[in-house]
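S.K.: Here the protein sequences come in this chain order: L and X.
In this text, residue positions in the first sequence follow this note's numbering: the first is -10, and each later residue adds one.
In this text, residue positions in the second sequence follow this note's numbering: the first is 1032, and each later residue adds one.
Covered stretches of chain X (chain L as the covering partner; in silico rule of three or more C-beta atoms under 8 Å from a C-beta of chain L): (1) 1073 to 1081; (2) 1133 to 1140.
Chain L is nowhere near these chain X residues, computed Cβ spacing over 10 Å in every case: (3) Pro1070; (4) Glu1098; (5) Val1115.
The set of hints was computed from the structure by calculation and includes no laboratory data.
Idealized CB from N, CA, C, for every residue including glycine.
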Amino acid sequence: DAGITQSPRHKVTETGTPVTLRCHQTENHRYMYWYRQDPGHGLRLIHYSYGVKDTDKGEVSDGYSVSRSKTEDFLLTLESATSSQTSVYFCAISEFGGGAVQEQFFGPGTRLTVL
Amino acid sequence: GQQVMQIPQYQHVQEGEDFTTYCNSSTTLSNIQWYKQRPGGHPVFLIQLVKSGEVKKQKRLTFQFGEAKKNSSLHITATQTTDVGTYFCAENMTTDSWGKLQFGAGTQVVVTP
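So that you can see chain X by itself, here it is in the shape it has in the complex (with noise of 0.2 Å):
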């Protein structure tokens, strides 16, 4: 079946650097979406692309996702703690309409003051 590559699997980043996490498919993909996953919590909804070559940002997070539509990327810049947790991508699965979602399994993020 598909599956999303995300790399890294874990990310260390001093406070207020940049970094960027990246979901890699081999299939065209419908759509995306991102969830983050704080230590100890549950996933929670970040965003959806669906368009080719699509730019969304939410403050310092800057989504994309490819031309192609094969991959998509996660830029946080000017990184804070509050940052700190597990990114995940999901695609949505194109062979139904039952909302089924296939995760990536997350860059682990940790910011050091």
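So here's chain L without its partners, still in its complex pose (with noise of 0.2 Å):
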């Protein structure tokens, strides 16, 4: 598996509370990649990033921010969680190559419950 983490694994938090999440890798990807899952929508971007502090919205960015000032982090924060943001997020990063950007590899995910 590539070298990426995602803390904290697992989160219970309260409505309307803060919430950040981190992931780090290792391998010095360009790219990475927000995404929540939940049952019967597969993955959904979140935002991404295409460089340290080169960041974009994706498909589902409200209620969400995100900052990245090192190549190896990229941090997700729910400014004040709500009920509908439970849910799995996954991490991914990629690099480019061969023309275009390759393949993503995903972290093990954060499962994060808001009470």
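Take the two lone chains, each set in its own frame, and fit them into one complex as the hints suggest.
M.R.: What follows is the structure in structure tokens.
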């Protein structure tokens, strides 16, 4: 498996509290992504990064913010958690090669429950 | 935006049987990737298809990209219990080059011994 870790792996929090999830990679890959996975929806892109301090929104970005101050770290913040943000969150990385961005490698996931 | 539809959503297979899962798009795809996620695990890349009509094989798995590049299929022969999991197709969004993928909802495969 690619060197990707996510922390925490599990978290239970209350509605209205801020939450930060961390993704750390040791592969020096340029691209990093945050997804959420919910039954029946597959994986939906929240935010992504194409370099240090370069980030952009995905399809379900409302209520989430991200930061990337170093190549290896990509943080996802829920400013004020809501029950609808209960989900499994996956971080992924990829690199550019052969004229195109290559496959994505996923971290182990973080299971977040918002009560 | 672009969307990929996967069918079926669930596939219950007897061990030893074959099955096929399909991925369809209303628009032409630049390329398509397939991933497998075991229960409780994370998605793992299987393969990428780029060319029209392309066929690739990985042991008992056969991946195909449609001639019009609007659909793809994954065929598994002689299903084994190790094939249990959810299979996702993902299209590479053509509007930018940041490697953004649009995932289908997946086909959940259950194998009965």
